[in-house]
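> Position chains B and C relative to chain A; hints supplied.
Each chain is listed here by its residues.
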Amino acid sequence: MTQATAEGSADERLARRDPLRRLLVRPEFGALIGAVALFVLFSVTADAFLQTSSFSNVLYSASTFGIMAVGVSLLMIGGEFDLSAGVMVISSALVASLVSFQLTLNVWAGVAISLVVTLALGVLNGVLYVWTRLPSFIVTLATFLMLAGANLGVTKAVTGNVASDSIGDMDGFQSAKGLFASEVGIGGVNVKVTVFWWIGFTAVATWILLRTRAGNWIFAVGGNADSARAVGVPVARTKIALFAGVAFCAWFSGMHLLFAFPAIQSGEGIGNEFFYIICAVIGGCLLTGGYGSAIGAAIGAFIYGMVNQGIVYAGWNPDWFRFFLGAALLAATVLNHVVRRRAER
Amino acid sequence: MTALVKLTGVGKGYGSVIALRDVSLEVGAGEVVCVLGDNGAGKSTLIKIVAGLHRHDTGTYEVDGRPVAFASPRDALDLGIATVYQDLAVVPLMPVWRNFFLGSEKRKGLGRLDVDLMRRTTRDELLAMGIDLRDVDQPIGTLSGGERQCVAIARAVYFGAKVLVLDEPTAALGVKQAGVVLRYIVQARERGLGVVFITHNPHHAYPVGDRFLILNRGRPIGYHAKDEITREELTALMAGGAELEQLAHELQATGTTAAARELNEDARELGITDDD
Amino acid sequence: MRTPTTRGRLLTLTTAALALTAALAGCSSSGGKKAEESTSPAGGGGPRLKIAMVTHSGAGDTFWDIVQKGAKAAAAKDNVQFLYSANPDGGQQAQLVQAAIDQKVDGIVVTLAKPDALKDVLAKAAAAKIPVVSINSGADASARLGALAHFGQDESVAGEAAGQQLAKIGAKKALCVVHEQGNVGLEARCAGAKKTFGGSMQNLYVTGTDMPQVKSAVTAKLQADKGIDGVLTLGAPFAATAVQSAKEAGSTAKIGTFDMNKDLIASIKDGSIQFAVDQQPYLQGYEAVDGLWLYRNNGNVLGGGRPVLTGPAIVTKDNADQIAPFAERGTR
Chain A
98 MTQATAEGSA DERLARRDPL RRLLVRPEFG ALIGAVALFV LFSVTADAFL QTSSFSNVLY
158 SASTFGIMAV GVSLLMIGGE FDLSAGVMVI SSALVASLVS FQLTLNVWAG VAISLVVTLA
218 LGVLNGVLYV WTRLPSFIVT LATFLMLAGA NLGVTKAVTG NVASDSIGDM DGFQSAKGLF
278 ASEVGIGGVN VKVTVFWWIG FTAVATWILL RTRAGNWIFA VGGNADSARA VGVPVARTKI
338 ALFAGVAFCA WFSGMHLLFA FPAIQSGEGI GNEFFYIICA VIGGCLLTGG YGSAIGAAIG
398 AFIYGMVNQG IVYAGWNPDW FRFFLGAALL AATVLNHVVR RRAER
Chain B
564 MTALVKLTGV GKGYGSVIAL RDVSLEVGAG EVVCVLGDNG AGKSTLIKIV AGLHRHDTGT
624 YEVDGRPVAF ASPRDALDLG IATVYQDLAV VPLMPVWRNF FLGSEKRKGL GRLDVDLMRR
684 TTRDELLAMG IDLRDVDQPI GTLSGGERQC VAIARAVYFG AKVLVLDEPT AALGVKQAGV
744 VLRYIVQARE RGLGVVFITH NPHHAYPVGD RFLILNRGRP IGYHAKDEIT REELTALMAG
804 GAELEQLAHE LQATGTTAAA RELNEDAREL GITDDD
Chain C
73 MRTPTTRGRL LTLTTAALAL TAALAGCSSS GGKKAEESTS PAGGGGPRLK IAMVTHSGAG
133 DTFWDIVQKG AKAAAAKDNV QFLYSANPDG GQQAQLVQAA IDQKVDGIVV TLAKPDALKD
193 VLAKAAAAKI PVVSINSGAD ASARLGALAH FGQDESVAGE AAGQQLAKIG AKKALCVVHE
253 QGNVGLEARC AGAKKTFGGS MQNLYVTGTD MPQVKSAVTA KLQADKGIDG VLTLGAPFAA
313 TAVQSAKEAG STAKIGTFDM NKDLIASIKD GSIQFAVDQQ PYLQGYEAVD GLWLYRNNGN
373 VLGGGRPVLT GPAIVTKDNA DQIAPFAERG TR
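Protein chains in written order, with the working numbering: chain A, 98 to 442; chain B, 564 to 839; chain C, 73 to 404.
Any given hint could turn out to be false.
With a straight-line cut-off of 16 Å between C-alpha atoms, the simulated EDC-like cross-links for lysine to aspartate or glutamate are [what the hints assert, rightly or not]:
#1 B:LYS725 with B:ASP627
#2 C:LYS319 with A:GLU280
#3 C:LYS122 with C:ASP174
#4 C:LYS298 with A:ASP144
#5 B:LYS569 with B:ASP585
#6 C:LYS319 with C:ASP297
Have a look at the derived ranges for each label pair, beta carbon to beta carbon [unchecked claim]:
#7 A:GLY282 with C:ARG401: 34 to 42 Å
#8 C:ARG401 with A:TRP417: 36 to 44 Å
#9 C:LYS196 with A:ILE296: 56 to 64 Å
#10 A:TRP417 with B:GLY672: 52 to 60 Å
#11 A:LEU231 with C:ALA148: 43 to 51 Å
#12 A:ALA300 with B:ARG754: 38 to 46 Å
#13 C:ASN391 with A:LEU231: 51 to 59 Å
#14 C:GLN253 with B:GLY674: 46 to 54 Å
#15 A:VAL133 with B:ASP700: 22 to 30 Å
#16 B:ARG754 with A:VAL137: 43 to 51 Å
#17 C:GLY376 with A:PHE371: 46 to 54 Å
#18 A:GLY269 with C:GLN153: 55 to 63 Å
In short, the hints are calculated from the structure, not lab data.
We put the beta carbon where it would ideally sit given N, CA and C, even for glycine.
Next comes chain A alone, as it looks inside the complex (with noise of 0.2 Å):
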């Protein structure tokens, strides 16, 4: 009877050893296939798409977001969603404003001070999670809440406005501005830092996923957190590690708004936490946890700016811009599942 077995599992196994078919069940390949459609779609119907420097519009658009979708999607991995992390930027991106402001330090001072603060926040989000037990949308939601009211009511304390001060005549802040918010210039086209800085993020964290201990431990506690625990994996450090790690993201994307735009008005980033899920979960993350990829959450990104950007480049009736976006989005995601679906088959 044994026997049987192995003889039934054999057939399974010869179609697994199909490269393509390898290829096919990758978490990321359905947005790939996604990105590629839209991308086709767009040259055909907008002239100024193919253009170098459009492209490199296109990417930062997708860059603003995807660095968010960083943290994001190893966090859903992990199992646990962030409802903070839109307006977590924000918070960040105040503190460091108002850090330096009124304190009259150097920019750097306050871009560390703001890393601290927010690194608390993420830890703060974990350690409530862990603490209460209650499903991270919850926990997140209300803290979500408290710092979208924290952002207004401490800005408007400490500056009598509702925006933060200009702190563009700071000392460090031209340094800084090249850390977060320069642009590169590559065969004649100005590529915005924040590209490469999502790449960058990119590969680490698909190095942490798939070549360390942390990544194993990241995959088993969203897939089956009592297992994992059974076996030794310390679950609770592993998530609230992951809830700093969107915070870090948080972090750098406050910076990039601060150094990029003169003033961060401190009703800003609410909403775009979904965003951030949607562009995880167009990449293959499933909101069940356990399973999906960080390269996966950039194609999601890259699909996201390009709907966004592609639509303004083709010109389409802008009365139905949302519609649109929200056609894209569907189609990609639909299509993205139906690849995986077929592929796992």
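Just chains B and C now, with coordinates in the frame of chain A:
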């Protein structure tokens, strides 16, 4: 030879409820001890004591001849007592080799995982136990239930288990799948491990077991070596144990001993006719 | 070097807060915060009024911050206790108005972005004999819903002014950047601008809460259509972003905007932004509170039943210097 694990007169109560009473058990290297019993017989309490999840109240628990009182499953694991739970075995979406090494990953410099070593080891370890997986990268969820149990068992063996405690590894499996697991239990025994095999199925227990402990309502109702008992007797004992419980209820309900005796007879007959 | 000062201020604040708490705990009927407020230099010296302002503002909007500052200035002058609340949702704004009625305020200031949602609750205010003035949006619905007066900018008129300015700076093909799709006021601005502009004008919709996306969308549009030589944004922060976008796209488009803030003044001075159409939100808040106070104390009504326009006031390089200090203060 000293027994790897030896329980003598072990008992455990939860508040006023006595879950386990006066249980003795001995597992040596290369031995399989089967613990049989119906639901509520005390099997899971026994397993929790052996695994270090709960501490026993009475009696002694010895490992390698030394009395122990574990504070956590980690302590038990450190002494080579590994427990494979029925549901807590694996993370379904993760590749086989990642599951195999989960929590005890092999690393080379700079925190990098030694992926090749782990892949190879997984393949070899499974092969040594008779499971031929050519692709250890497939999600473990795509394996059959029996194969999954086997991976979990092989993992425990690889990481130095001397005694395997298997909690109903065949319960949710079909006949063929259960066969895979049973064969694996034999493999483990041949490698010199002690095995505590918890099951409610005498047909699974009899072919692989060296000794059989039958529990009923927290008490041992039989502890036999294989040559002292036949499969039929074992089955009857199991079924009888189950029926005894029913009998007790009936007695309470009717208060007539005559009827109870009749029921008892019926139960015995049923138990035996059930067998073949 | 500001550290000690800030710390000192914090200490003072804490002390004040503690003192206040102590006073409240003792249930003092004189002195404390109330006394402090009543001794403020009241303009009319009439009885202390309580006036509520309920707007459709979202959180953290500079514009509404300035409206409040104007209202508070008038409140301080007129010896008015000023209450502010806001919700962008029409139904919830109505609930806030109801709350003000329940508090038996002496006057209500509302925005009529969603006039139908507020119709019933304003009828209740009338029944409770609470005078209402409207500000900002809803000029045409104001009188119909029983408001005494309306202080605001007619968005179409303001748009027309912006269109004229765009034509004046020599633009032929312009872009109107709408940062909140479906906002009637913003649409009216673009429509008004289109009317007087003369050249061709199209709308671009962007997500106002995400600045990088605003930037890339405007960049994309300018890259896609090199003929665009004028950009009109409908809020001050977006103008600064449009300047970056134009630079990035290699476009020479000139940029004008609605609304003001202090950074914008600097940009107008250095010529990167050509003009701003200011609807003077400070005036809206100030006049509304002052108008209610005048009505209560002297029976005056401003505007003769027609909207009182607080804008457009055009800010260009020519008058930027004059306005700069006020913008720096956060009241322009």
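> All hints are to be evaluated individually against the structure, with a verdict given for each.
So, going through the hints one by one against the coordinates:
Distance hint between B:LYS725 and B:ASP627 is fulfilled; the C-alpha atoms sit about 10 Å from each other, no more than 16 Å. For the suggested pair C:LYS319 and A:GLU280, the alpha carbons sit about 12 Å apart, so the restraint of at most 16 Å is met. With a C-alpha separation of about 12 Å, the suggested pairing of C:LYS122 with C:ASP174 holds against the 16 Å cut-off. Straight-line distance between C-alpha atoms of C:LYS298 and A:ASP144 comes to about 12 Å, which keeps the hinted pair within the 16 Å bound.
Using a Cα cut-off of 16 Å, the hinted pair B:LYS569 and B:ASP585 holds, with the two alpha carbons roughly 13 Å apart. Simply put, C:LYS319 and C:ASP297 have alpha-carbon atoms about 14 Å apart, close enough for the 16 Å limit, and the pair holds. At roughly 41 Å, the beta carbons of A:GLY282 and C:ARG401 sit within the given window of 34 to 42 Å. Checked against the hint of 36 to 44 Å, the C-beta distance between C:ARG401 and A:TRP417 comes to roughly 43 Å, which is consistent with it.
Here the CB-CB span from C:LYS196 to A:ILE296 is close to 59 Å, well matched to the stated 56 to 64 Å. In this structure the supplied range 52 to 60 Å holds for A:TRP417 paired with B:GLY672, their Cβ-Cβ distance being about 55 Å. At about 45 Å, the CB distance of A:LEU231 to C:ALA148 agrees with the hint of 43 to 51 Å. Hint check: A:ALA300 to B:ARG754, Cβ distance near 43 Å, so the stated range 38 to 46 Å holds.
Evaluation of the 51 to 59 Å hint for C:ASN391 and A:LEU231 yields a pass: the beta carbon distance comes to about 56 Å. Hint check: C:GLN253 to B:GLY674, Cβ distance near 48 Å, so the stated range 46 to 54 Å holds. Restraint check, A:VAL133 to B:ASP700: a C-beta distance of roughly 25 Å satisfies the suggested window 22 to 30 Å. The beta-carbon spacing between B:ARG754 and A:VAL137, approximately 58 Å, falls outside the hinted interval of 43 to 51 Å.
At about 49 Å, the beta-carbon gap between C:GLY376 and A:PHE371 stays in the expected band of 46 to 54 Å. A hinted range of 55 to 63 Å is violated for the C-beta pair A:GLY269 and C:GLN153, which are about 45 Å apart.
Checked against the numbered hints given earlier, this structure breaks hints 16, 18; the rest are met.
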